[in-house]
Amino acid sequence: DAKTTQPNSMESNEEEPVHLPCNHSTISGTDYIHWYRQLPSQGPEYVIHGLTSNVNNRMASLAIAEDRKSSTLILHRATLRDAAVYYCILRDRPPPISGAGSYQLTFGKGTKLSVIP
Amino acid sequence: DAGITQSPRHKVTETGTPVTLRCHQTENHRYMYWYRQDPGHGLRLIHYSYGVKDTDKGEVSDGYSVSRSKTEDFLLTLESATSSQTSVYFCAIGREGETQYFGPGTRLLVL
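Chains as they are written, first to last, in this note's numbering: chain A, 1 to 117; chain B, 1001 to 1111.
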């Protein structure tokens, strides 16, 4: 899997926007950019994913650079519940045969986001 | 939330004892995964399944076996538990190559 680089930690004030960066300079043309987060003592939770275009959902927005070598997860208004470790993961599109070899998620260390009341 | 449960949620066992962890889903997803999470290593894939009786190894499969006799259940077995297998174990489910949904985790302590 292609490698991603994220800051170890970030802080944000409550109710302010948060921009979590991710560098993936060796990304290939078929790599999807996935973001997951893990709240304390819970399993990881899917946040958002995209390929080339910016994406929005109810949880966050994903801004992808034109050259796809970096992306930014945007939380529009941080809440205390958003305090978590955020993982940026590249996942290749699977081949058109049975088998799940390409579905593996390779988790790095992620960014620990602290939200200050 | 995806319908995925893990049992037991906590277990303490002794070295050399066999241990089986169960992952159960109600979503009829084809793919199921077992990960372990340790400080300093993040989550690592142990085994995964892409259908009933179809399984394959992940990054850290030594010492573990799995079975999937029906769509909804994926079992992880430690044939002879060792202290190095003390960890938090997460099960995940997924559709065709997209989002994975994780269970709440099982904390295993091997003494």
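FYI, nobody ran anything at the bench for these hints, they're computed from the structure. Check before you lean on any hint, since a few could be wrong.
[To be verified] A few chain B residues that don't get close to chain A, going by computed Cβ distances all over 12 Å:
id : residue
1  : R1022
2  : E1079
3  : S1084
4  : T1099
[Claimed, not checked] Beta-carbon label-pair distances, calculated as ranges:
id : chain 1 : residue 1 : chain 2 : residue 2 : range
5  : B       : S1067     : A       : E14       : 42 to 52 Å
6  : B       : D1054     : A       : K3        : 51 to 61 Å
7  : B       : K1057     : A       : E15       : 16 to 26 Å
8  : B       : G1051     : A       : T30       : 21 to 31 Å
9  : B       : H1041     : A       : H76       : 25 to 35 Å
10 : A       : T5        : B       : P1008     : 35 to 45 Å
[Claimed, not checked] Computed from the model, here is a short list of chain A residues facing chain B with C-beta under 7 Å:
id : residue
11 : P40
12 : P44
13 : N54
14 : R58
Because the structure is a prediction, the values reported are computed rather than measured. For every residue, glycine included, the Cβ atom is placed at its ideal position computed from N, Cα and C.
Status of the hints after comparison with the structure:
| no. | hint | result |
| --- | --- | --- |
| 1 | R1022 | 15 Å, holds |
| 2 | E1079 | 23 Å, holds |
| 3 | S1084 | 19 Å, holds |
| 4 | T1099 | 5 Å, violated |
| 5 | B:S1067 with A:E14: 42 to 52 Å | 46 Å, holds |
| 6 | B:D1054 with A:K3: 51 to 61 Å | 29 Å, violated |
| 7 | B:K1057 with A:E15: 16 to 26 Å | 46 Å, violated |
| 8 | B:G1051 with A:T30: 21 to 31 Å | 23 Å, holds |
| 9 | B:H1041 with A:H76: 25 to 35 Å | 32 Å, holds |
| 10 | A:T5 with B:P1008: 35 to 45 Å | 37 Å, holds |
| 11 | P40 | 12 Å, violated |
| 12 | P44 | 5 Å, holds |
| 13 | N54 | 18 Å, violated |
| 14 | R58 | 14 Å, violated |
Hint compliance for this structure: hints 4, 6, 7, 11, 13, 14 are broken, all remaining hints hold.
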